[in-house]
Amino acid sequence: MTRKAEEKLFNSIVFVFLCLGALIFLFPFFWMLSTSLKGASEVLVYPPDLIPPAPRLQNYLEIWDKAPFGRYFINSTVVTTAIMLGEVATSILAAYAFSKIRFPGREKLFLAFLGTLIIPNIVTLVPAFVIVHRLKWIDSYMGLIIPEMATAYGIFLLRQFFLTIPQELDDAAAIDGFSRWGTLIRVYLPLAIPAVIALAIISFINNWNNFFWPLVVTNSDAMRTLPVGLRFFVEGDGGGQWEYLMVAATVISIPPMVVFLTLQRFFVRGIATTGITK
Amino acid sequence: MIRIRPKTRALMTFIATRRVADIVAGYGFVLPALLLIGAFVFLPAVYGFLVSFTRWDMMSPTRTFVGLSNYAELLESSEFWRSLAVTMYYLVGTIPITMALGLALAVALNRQFRGVTFFRLVFYSPVVTSTVAMAVVWLWMYDPINGILNYFLLQVGLPPQKWLGSSATAMPSLIAMDIWKYVGYDMVLYLAGLQSIPADLYEAVEVDGGGRWARFRSITWPLLAPTTFFILVISIINRFRVFATVHTMTGGGPAGATEVIVYFLYKQAFQYFKVGYAFAIAYVLFVMIFGMTLAQWRIGKSVHYQ
Amino acid sequence: MRVFARRCLSTPGRITFAALGMILVLLSFQVPASGQGQVTIAFWHAMDGPKTPVLIGMVRDFAKENPAIKVDVTFQGDYTDVVRKVQAGIAANALPNLVMLGQRHGIPNISDSGKLLVLDSYVTAEDRKDISPGLFGRYTHDRKVMAIPFLISTPVLHINASRFREVGLAPDKDPATWDDLVDYAKKLTRDVNGDGRIDQWGFHTHGDIAWHVFSFIYQNGGTLYGRDGQATLDSREVIEAIQFWSDLVHKHKVMPALTHAGASRLFVAGNLGIFQRSSAFVEGAAAQIGSRFDYRVGFLPKKRFLAVPSGGAGLGVFKSTPEKEKAAIALLKYLTGTRGIATFSKGTGYITFRRSSAALPDMQAFFADNPREHVAAQQIEYARTNPPHRADGAVWDGLENVIEKVETDAKADIPALLKELNARVNREIARYR
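Protein chains in written order, with the working numbering: chain A, 1 to 278; chain B, 1001 to 1306; chain C, 2001 to 2433.
It is possible that part of the hints are untrue.
To be verified - Below, computed lysine-lysine pairings styled on DSS-like, alpha-carbon distance capped at 27 angstroms:
hint, chain 1, residue 1, chain 2, residue 2
1, C, K2333, C, K2070
2, A, K66, C, K2319
3, C, K2186, C, K2173
4, C, K2346, C, K2070
5, A, K66, C, K2051
6, A, K66, C, K2346
7, C, K2319, A, K136
8, C, K2251, B, K1162
9, B, K1162, C, K2186
10, C, K2187, B, K1162
11, C, K2144, C, K2115
To be verified - A few chain C residues that don't get close to chain B, going by computed Cβ distances all over 10 angstroms:
hint, residue
12, V2083
13, Y2122
14, D2142
15, P2322
16, E2325
17, P2387
18, K2405
19, A2410
20, D2413
The set of hints was computed from the structure by calculation and includes no laboratory data. Each residue gets a CB set at the ideal place from its N, CA and C atoms; glycine is no exception.
Work out the full structure, taking the sequences as your base and the hints as a guide.
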């Protein structure tokens, strides 16, 4: 067999495996969707129907009555977007400092930041709650947003990226009369767009799905976010009503998917540019 | 009086002001993150550390200082070691497979062909979803009576499994779900790493008559070492902290078969009300992960400079 | 895109964000609309699902009758979530006024924080006569009343009477003893379509396994703790109860191992003859079963005694200002009084545990129409429990572990497992004296 034909054969086999893999990977989503469109009796039918015989779109309407999912959705959107913007802003600033400015204690401080990534959040839960309470931010957007607005992960990611930008750019900017701030905004930022977008995506997804902190810091349904709402639904009488649970799971999964799909072009490129893998 | 030449003095002044400006700028830029992380993560963590030396349930007005006895207790506790073993089982079960599959997928999808973006999206999509939501979906799939997985098994003539209901199969069930969820994450990181390997290196091997495997062994794998290293570090840190899936799907059972260390910690804090003890566990965990990460960092550094 | 990014971080961009931030802050303010001389109290509860409106409705009625009191009633998750919230609340001094406390969720610890109001002076002699002491004891700590029972359930037997008829059992006869239970269950376990797979089971319990194990322990005359506060989990009575449980799975083969979470669906689908689950499940079961089969509710069997554990929650009051305490007590009395318990239990299916409530004419009529609900109301008289103990969490967890081991392994050494558990629990008790 010629080299080219052999190559083609190999690629075809790989393609088949990829298709099989994709099928397996997509199956849980498919099953989630399928169950979400079934009626209560159809869910427990044996042998189970892969495709709902009479798809019930009204499940998706009824879910809004089962629990205040509408309110949860709004809260999740507002909170996640705000945190994402804040995280990007604080990470850009700190990452620039850690990568380009020499100041005493820089390495130790960075290490301390990294250390915060390892601490299980159960440990910080109650003390953080006390602090938030003193600030009178319990059960409010402030309490949901502010404490989450900076993470070491974002700083780490962007710092790695900034490290790949040669020092000469800094010097050139200095000669051109740019202040540090100016250098950051006008020189670094435009270059960093892919990495920043990658961070924004990661931040959005992580915070959309964040469960523990919103659970602890909110007291009323008016302030709760979707993951907390879903968990309460699972525990309450929703437990056992698989069709509604699947609707909730679907609804929660859609926004991060949408965000990811629209911006995914930047994603791999963004990760690659951080040189985090060098 | 020491005579300083004007040039030297100018230089010293320049350095001094530059230095001061740097310090101000440095801390200034870091300030927002510092304040936030300091106040909401670092301070609580320090507070938790102090509590780990007490016997306290966070409710009673009296706090008994007990020194290191919480730490001693956990070192003697068979449940602690068991939950550590369970966690290790989880790590060893998930990380190698996820990384290997992620690498394979990345290599397969590092070309341009019709549908490559589709495949990349498909394999990454589980990463994007909420862990709790997916835990519920898999819980439903694993249902021993009505779950679809047992149905498939029966269709091909295999016996139905108890999945989460049996000590033997509970952890493998969780591992399977974890692999599904995170293969895409490793894949994307490997893709990024692969894209930074210059193409001409491959050509050199081809010219020498090397096939696909030779290419992989001599170029791809060694050059991916930093990526592999990074993924390993992140994977270990993340898997050590697993909690939501266990909480939603098994509650640590059956018979403690899935009681990973963070879940054990959670129970000690909120069911047994031994908050001081729970925090001691958390700090032991912290030291372990930190130590492991540091060790990997050292090893990684020497690997880098080969 | 680049332009957008740059615009965002330019000065006008940052001002916009600041403005957005301020709007968010304003949105976050929920100014409490308290009228003149009005007292506002906060009530944390753990009720979720279709029964919640009953509680909310009662609170609203209370507010109507007491215009000087405004009640902020919020759902806080399950009983464990409430405890977590209470923990955080104690640390931050941010506690509600009325709180729903799960009967096995930390009442001793919360009481010892000193923040709960001791309710002895608000409980009358009639109250004490009105509520079965086995039940009331569950909410006393250090001989002081720390909460009033409110949302109460016991396990009951949910019975598929149609199945009983099919296998030749009298459809309205409950299994009265353990032996009866085994006998009935054996008849009810069968392979209907001859494919080698058992399709219909005789007996199963819901999750919350420890609770159901308690019922067997109490029926056998055992207790969890002795008078000295030490655990007695390795006593003969407890061993026998666990052995019985194991026999159900391995010897008589009438209970499938470890699928407790799916047992409800099994029962509702008609494939389980006798199902032990909380009395709170009755309404939901009836709704899900519809007319698929004849569904009735029966008493738990007895061994030495007829005895049931109690489950659910009570209402406690946290200390605060005299006005708020007074308002919270007023709400407490409204909800847990004779009329309150009648309204609540009729609407939700939780137990009418007050004898005076059960004696009310409309409750009697209700029971006549709903014999299923009546079973639990009668059974609560046989409630047998230990008072809440600091080690309850450890006992619960430990027993669940033991049962899971026992169900998976027919040869499990039950006395050894229980001895080990007992020693462990007593170690905990000693440490936290």
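Straight-line alpha-carbon gap C:K2333 to C:K2070, limit 27 angstroms: Within the cut-off at roughly 16 angstroms; holds.
Holds or violated: C:K2186 to C:K2173, with C-alpha atoms at most 27 angstroms apart: OK: C:K2186 and C:K2173 at ~16 angstroms, within 27 angstroms.
Restraint status (C-alpha distance of C:K2144 to C:K2115 at most 27 angstroms): Given pair C:K2144, C:K2115 holds - Cα atoms ~14 angstroms apart, limit 27 angstroms.
27 angstroms limit on alpha-carbon distance, applied to hinted pair C:K2251 and B:K1162: holds (20 angstroms)
Cβ separation check - C:K2405 to all of chain B, threshold 10 angstroms: violated (5 angstroms)
Straight-line alpha-carbon gap A:K66 to C:K2319, limit 27 angstroms: At roughly 34 angstroms apart (the allowed maximum being 27 angstroms), C:K2319 and A:K66 break the hint.
Given as non-interface: C:P2387, which should sit over 10 angstroms from chain B by C-beta: holds (17 angstroms)
Hinted pair C:K2346 and C:K2070, Cα distance within 27 angstroms: holds (25 angstroms)
Holds or violated: A:K66 to C:K2051, with C-alpha atoms at most 27 angstroms apart: Given that 27 angstroms is the threshold and the Cα spacing comes to 12 angstroms, the pair holds.
Satisfaction of hint between C:K2346 and A:K66, Cα-Cα up to 27 angstroms: This hinted pair holds, its Cα atoms lying about 22 angstroms apart.
C:V2083 non-interfacial with respect to chain B [C-beta, more than 10 angstroms]: It is violated; C:V2083 is separated from chain B by about 6 angstroms at its closest Cβ, not greater than 10 angstroms.
Distance restraint between B:K1162 and C:K2186, which requires alpha-carbon spacing of 27 angstroms or less: holds (23 angstroms)
Hint compliance for this structure: hints 2, 12 and 18 are not met, and every other hint is.
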